[in-house]
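Using the hints, build the complex out of the two chains.
Given next are the chains, with one letter for each unit.
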Amino acid sequence: MPETQRRVYVVGVGIHPYRAPSPTPYVQLGLTAVRGALADAGLRWTDVESAYVGSALIGAAIGQPMLRHLGATGIPVAQVENASASGSTAVRQAYLDIQAGAADVSIAVGVDKPAMRSDGYRESGTVDLVDGLVNPATHFALLAEEYLRTSGATPAALARVAAKNHANGLRNPAAQRREAIDVTAILAEPPIAGVLTKHQCCPVGEGAAAVILASEDAIARLGIDPSRAVRIAASVARSEEVYAPGVFPDAELTKVTTSVALTEAGISVADLDVVEVHDAFSIEELVYIEAIGLSGPGRAAADVLAGDYDIGGRCAVSASGGLQSMGHPVGPTGVGQVVEITTQLRGEAGERQQPGARVGLAHMLGIGTVCIEHVLVRDDA
Amino acid sequence: MSTENAPSPARTLTTEDTPGSLALRVTRCAEDGLIAFPPEQFGCQRCGAHGDRLVPTAVPAIGTVVDAVTVHRHRGPGPEAPFSLATVDLDDGLIVRALVDGGVVHGAAVEGSLVPMADGTEWLVFAQTEKGI
Chain U
1 MPETQRRVYV VGVGIHPYRA PSPTPYVQLG LTAVRGALAD AGLRWTDVES AYVGSALIGA
61 AIGQPMLRHL GATGIPVAQV ENASASGSTA VRQAYLDIQA GAADVSIAVG VDKPAMRSDG
121 YRESGTVDLV DGLVNPATHF ALLAEEYLRT SGATPAALAR VAAKNHANGL RNPAAQRREA
181 IDVTAILAEP PIAGVLTKHQ CCPVGEGAAA VILASEDAIA RLGIDPSRAV RIAASVARSE
241 EVYAPGVFPD AELTKVTTSV ALTEAGISVA DLDVVEVHDA FSIEELVYIE AIGLSGPGRA
301 AADVLAGDYD IGGRCAVSAS GGLQSMGHPV GPTGVGQVVE ITTQLRGEAG ERQQPGARVG
361 LAHMLGIGTV CIEHVLVRDD A
Chain R
1001 MSTENAPSPA RTLTTEDTPG SLALRVTRCA EDGLIAFPPE QFGCQRCGAH GDRLVPTAVP
1061 AIGTVVDAVT VHRHRGPGPE APFSLATVDL DDGLIVRALV DGGVVHGAAV EGSLVPMADG
1121 TEWLVFAQTE KGI
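Just so you know, the sequences run in chain order U and R. Residue 1 is where the first sequence starts when you use our numbering, and the numbers rise one by one after that. Residue 1001 is where the second sequence starts when you use our numbering, and the numbers rise one by one after that.
These are calculated hints, taken from the structure and not from any lab test. Glycine included, C-beta positions come from ideal geometry on N, C-alpha and C. Wrong hints could be hidden among the right ones.
[As the list claims (entries may be wrong)] A partial selection of chain R residues facing chain U, derived with a Cβ cut-off under 10 Å:
#, residue
1, T1012
2, P1077
3, L1085
[To be verified] Restraint-style ranges between C-beta atoms, simulated for each label pair:
#, chain 1, residue 1, chain 2, residue 2, range
4, U, V260, R, R1075, 34 to 42 Å
5, U, H69, R, A1030, 54 to 62 Å
6, U, G266, R, S1113, 53 to 61 Å
7, R, V1105, U, G298, 19 to 27 Å
8, R, D1052, U, T46, 54 to 62 Å
9, U, S239, R, P1007, 29 to 37 Å
10, R, P1077, U, T46, 47 to 55 Å
11, R, P1019, U, K198, 41 to 49 Å
12, U, G42, R, Q1045, 46 to 54 Å
13, U, P355, R, S1113, 54 to 62 Å
14, R, D1032, U, A188, 47 to 55 Å
15, R, Q1045, U, R122, 12 to 20 Å
16, U, D271, R, R1073, 35 to 43 Å
So here's chain R without its partners, still in its complex pose (with noise of 0.2 Å):
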């Protein structure tokens, strides 16, 4: 949970370098390619390299929704139920979940951005781009 003090993890989690252009944060592994989300901090899990061989670099928040669900019931930070969760395919080939826009169907063009929930959490949510209607 978001405080005053501390970034939300969706934040944490992303970057901004271009004005406009969300991207998320990752690590690209030296020895094998193995590209982690959330960026990987312990070790490569395919072949176990660590360290300075986890390169940190970014991947374009923007994707295709694999398949979307409406969680009808939650209890706990960030957006009231029902909403909308998708597995998204980025551009990169990485496949993350996160919170989509209520609607979004399989097959949709999505870009994610970081908005602000009515608790004060902060949250990375898809929604559809024009390419995708």
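Bound-form chain U, shown alone (with noise of 0.2 Å):
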């Protein structure tokens, strides 16, 4: 990082637990999750000086009918929509008007109901020979097919990676979907494509999560707890590039991001201590625990039925549940994933929570595809 750019701290977390759709306008479920921030800060929202909203599925304009409530202070506001990492982009955002030193204080807020009609996709005048046939959950299965069919392991290990996450969420009381569930009665349900059976897919709802960023000399000028501040150390945004035929393109893509993140960060993948994936369908978590380079390739699936990514293994993997418990409610999802790593951090993640953590990771893909990671670092630990 050049002399000229400045560190960048999480000092307050806020969330609307995630859950099934209501007549809730989003507005609250924002405000809910800003108030908490705001709050958990020690703070007061005439010191937010830039906000970012990250939101996909509600439409254009939402953040200032939502922040005015908060009282209209003027500062800058914009919506950022980036698909799955509208949340984790906003954060980026925030970070990069602090590190550049544009602000001292900046909120990253995602909100999100399920109201969406099309999309970029389908607007992008482009047809295929799927076209309508192939959801998410199809083309995971598709995947999953290809990781049993290479790698030897059984379905018995993407059971267990939604029994770990399930698990993981029973104990987040902002998980959407909080169900006792373990691998023989994930097997047993009835299939949804391929392999992939309920427990395996995420549910998307409705939620808010925020976190504020500040500078050191926010830190000290508002009198902010420093020992509960969280650096991010490295926050990095890559996008998808041709690859050669048949390789996973979000896999790959998150090999270059995980690879610039923990070099902007100085560390190693052997530090990181709790690590947050975009975890919608159980074959990603192992997908990309080998993308990242938690496990060699092929050897995921061992490592999840050995417990290594359980919360007291040696690196915790959606300890809040990810978003197959937690929920994946799209515009909240990324920066709920970087509330969790800081609750963790602080060591304030109660009966989730992952022994002696001081370094952690939030990966977050965005059909399209772009990749998002954040690390964040307890330095005083």
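Here it is, written out as structure tokens:
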């Protein structure tokens, strides 16, 4: 990092629990998360100098109709849409504001309700042979088939991922699907596509999450408790390139993004204590564990079965419950990952606490495809 | 969804210059050789070349199944669930996703044809060839 770039810290986190869609307006969901983050940081809304709202499904211009209810201070407000990575991108925009000196305190809010009518792909003018037939579950079922065929793993490993994440989510009050379910029950469910069953596929509902970022100057000036500030050691965004035929783009993109993020943070993959990944489907967690480098090629299934990625294992993956249990309301999802990692690195995660956690990574993909990663570090641990 | 006046996407995306031999319409980038399917209309995704640098050509709808899955839930046009969907490695090295006959598995040699569905839509469906039996 050049000397002119400033350090950036997460100083406040807030969340509105993820849940099935309800008549509650998004304004209320978002304000709950923002007020939670302000209270957590010990700040007032008038301390916040810029705001980024991550949302993909509701529609245009949702920032100001929500944030004005905190007292319209006239700060810059921008809505960020980047599919599933909308919230992660909002965090990155807030990070860049602080790092560049454009603001001392910035907030990223993710909020969504499943109201989407269309998307960029559908409106792009391109049609293919399977338009309307390949939903995400089918897309990832094909990936699961390939993984099982080439690695020798069995569907039990996929179910073990889902069972682990639901066990974690059961301990997260913000999780949408708080259900105790074991490997046997997951395998016995009717399949949705290929080997994927209901609890291996994420629920898409509503919710909100917020993080407040601040500079060192702001922490000192505003009397923020430095012992609860968590440093963002890297914020990296990449997009898909043209890969060789047959290569799974999301995995390749994850490899590249992780390499840049670890280098920027000055750490190695072995330093990671907690990792949140885009585990919308069980197979994704196995593939990204390998793409990040936590497990060697073809080894993730065995390592998951051995408990390496359980809370208390060598690196807790999806300690929040992940997308499979905590849920994937889209706009909030990436912000919620940063909320979880911040909570873990503060040692405040209660019964889902990863012991001794001091370095975490949040990994999020957005269809298109984009990849956003944040590395968070607790410096005083 | 097909109508009386509009050809189905499957028909638009294929050609049958030789009777009985269906082929996929593709483009080949004259700058870097990248083959694109569906045919690229906006610009090469590797080098950005566009317009007449994207040359229309065709790839036979013949290949090998990489992986296939059964889709158990589906709402929308086309076949009723359950149906089979696969990744198919065409003999020219292009990889596409398409419907396949049920029971087709990894490694099967397949050939595509246009198949009408009960709802009036038309789809490209790959079926196992004698070569692969």
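Hints, verified against the model:
The interface hint given for T1012/R is met, as the beta carbon of that residue sits about 7 Å from the closest beta carbon of chain U, less than 10 Å. Interface hint status for P1077/R: upheld, as the beta-carbon distance to the closest one in chain U is roughly 6 Å, under 10 Å. Because the closest C-beta pair between L1085/R and chain U is about 6 Å apart, less than 10 Å, the hint holds. A beta carbon spacing of about 40 Å between V260/U and R1075/R agrees with the range 34 to 42 Å that was offered as a hint.
Take H69/U and A1030/R: their Cβ atoms lie about 56 Å apart, and the range 54 to 62 Å holds. For the hinted restraint 53 to 61 Å between G266/U and S1113/R, the CB-CB distance of approximately 57 Å keeps it satisfied. As the Cβ distance of V1105/R to G298/U is approximately 21 Å, the hint placing it in 19 to 27 Å holds. A beta carbon spacing of about 58 Å between D1052/R and T46/U agrees with the range 54 to 62 Å that was offered as a hint.
Remark: the range hint 29 to 37 Å for S239/U to P1007/R is upheld by a beta-carbon distance near 33 Å. As the Cβ distance of P1077/R to T46/U is approximately 53 Å, the hint placing it in 47 to 55 Å holds. Between P1019/R and K198/U the Cβ separation comes to about 46 Å, which falls inside the hinted range of 41 to 49 Å. In this structure the supplied range 46 to 54 Å holds for G42/U paired with Q1045/R, their Cβ-Cβ distance being about 48 Å.
For the pair P355/U and S1113/R, the supplied restraint of 54 to 62 Å holds, since their beta-carbon distance comes to about 59 Å. Between D1032/R and A188/U, the C-beta spacing of about 50 Å keeps the proposed range 47 to 55 Å intact. The hinted window of 12 to 20 Å between Q1045/R and R122/U holds, with their beta carbons roughly 18 Å apart. Hint check: D271/U to R1073/R, Cβ distance near 41 Å, so the stated range 35 to 43 Å holds.
Every hint, counting from the list given before, is met by this structure.
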